[in-house]
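> Working from the sequences, and respecting the hints, build out all of it.
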Amino acid sequence: MRRGKLNKISYIAIIISAFFTILAYVSDQLVINYENKMRILNLEYQNLSTEIKSLEKTISTFDNVGFKKDALLYSEIKQKNFFLKNLLLLDKENKTVYTDEYLNMFVGEDGDQEWAIKNIKARAINSVRYMIWDIDEIVEDYRIVFNNPIFEEIISFSKVNFLKKFYSYEKLYNYNLDKFINKDFKNFEEILFTKNISSTLELTDWFSIRNYKLLILENLYKETEKLVSINDHLSKLLEDKETQLNVNFIKIKTKNKYKNYFILTGIISQILTLFFLLLLFRNLIKQKVI
Amino acid sequence: MFKIIIRKEYTMRIFNITLLLNSLKNNKNTQQFLLFINIGIFLSIFAISSAIITFYTETKIDSIEFDLIAEHNDKKYFEDTLDGFSKIRNTLYSMQKSEDDIINLYQHSASTKIGSKLLSINDIYLPRLFFDLSSEDAKSFQMFFGEEIDGIDYIKSIMDQVNSFYNSDDWLPKSLDRKIKSIKEYADIFNKDYSKYHDKVFSYNYSSILNEVYYEDDQLVDKDNLIYIDYIKLREFYEEVDEFFHLIQIYLTDYAQYSQSLIDVGNTEIIKLSKRENNIIIIAFFLQLIIFCIIQYFEINSIQGTRKKNA
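Chains as they are written, first to last, in our numbering: chain R, 93 to 382; chain S, -14 to 296.
To be clear, the hints were calculated from the coordinates, so they are not data collected in a lab. All clues stand as given, with none of them false.
Stretches of chain S that chain R covers, calculated by requiring three or more beta carbons in the stretch to come under 8 Å of a beta carbon on chain R:
no. : segment
1   : 24 to 32
2   : 37 to 44
3   : 48 to 59
4   : 80 to 87
5   : 101 to 110
6   : 113 to 121
Quick reminder that beta carbons are idealized off the backbone N, C-alpha and C, glycines included.
Laid out in structure tokens, this is it:
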């Protein structure tokens, strides 16, 4: 072989090292590309993960308010007739066979039956007032939960319409006037919230108060029954998001696997480039081309 | 100015390469350069083999790591579900307890003549039956009786999971199966239409209250009254459901523990593979060093032989 001429092995070594140089470059570019894709996917994964956590908290709070509402409903509905029946039994004008016996039960040391009856009446009217405040509290809890923008996305639900049903009961009262002896809501409300009025009320007033309590409870029951579909909607949404999270996780896993492959391919290619260059030099020296 | 600097740099580089080529032309240095190149080839072969070993091991570790992440997610899911069941059972318990306490008090009061006038079965038991059996929520109980919800038979799905997790002769799948069968016996109360009692629960009729006070003489505990019978059945159903949830909690706890054991195995495997990777690289280095030394020995010998011939 003449000095200055490259042999076949040298050409092959140059071509292979050139090939691995290109491969290393392509691998590096692919790593950058996959890294960018993974950054976006990771961002989506984190966002979705946060959304799921937030949704879980919302569902949990929503359920807790529901439990609170159920506890109130179960407890109040059981007592719906209790005070009225007491007052009917203690009615001196329309005595039953048990009236005297019952009245005698209330005789204290000083023989004062009236104090006990007043106490029943005070508790009867207070139970309605407290119940209304309790419902206000539950509605406020719902209002806080509904502040989450997720409820805006539910087409079949309007939080404004829902909350409107509990702002004032005047409409509800006037719509159900047949259930009340007192047909004037303003007057009724004044009676209900006037201090120390209970002892002066007639049986007909007590009947209206009892029905008013029942009407509010029925309103609460009917309106909150509509929320069951929202709960289903939120659960479905959570399920969808969790499925999407799993899909993203698998995507990240696959991308990460490929990224690692490209990193290692890049490294091996660079080493192989160097290796074949060294082989080339070795061959050049041995063939005394230089 | 910039051009001058670049030109200077190029001049220096060409000068260096020329120096290198000149030194290569010198036969005395050839052997030395060959040695350096051979060391370079040896190091590059070592680097390639290390990279391949790392490539193989990292692929394995990567796969285990993702399995671990998936297992961590599964464990978290099972623990969250466990927490959910625990909350449901606690809520169920506190509601039942408070209802039992009130009903005991009512029953005590109703056992007197006047008490029986103040309280009726419709006041005490009917509302619970109405709310629990006619509400939209009640539809979810149908899953216990083989009905699919959103196209999923949840009970069958749970049973399949439990059966695949435990051996067939383990106590939990058997107990769970028995519990599901006993729950199914309460299907008839859920088939009754309690929504028809709406007007009775929300009754605004004054005369019906007067009737209860003045004329009716119902007992609060009446074993022939259908509402009372259904109420007791509903209570028993809740107790069965509570025990069912308890069994599910045991399964979830066992699964979470199993999941943790898989995580531990995965962690141990990663540590083992990392250690093995280091050891293989060290062994490969020494093996290649030995081979390099042998090749180098023969190459030096062959060059020295050629020189002697030339001389």
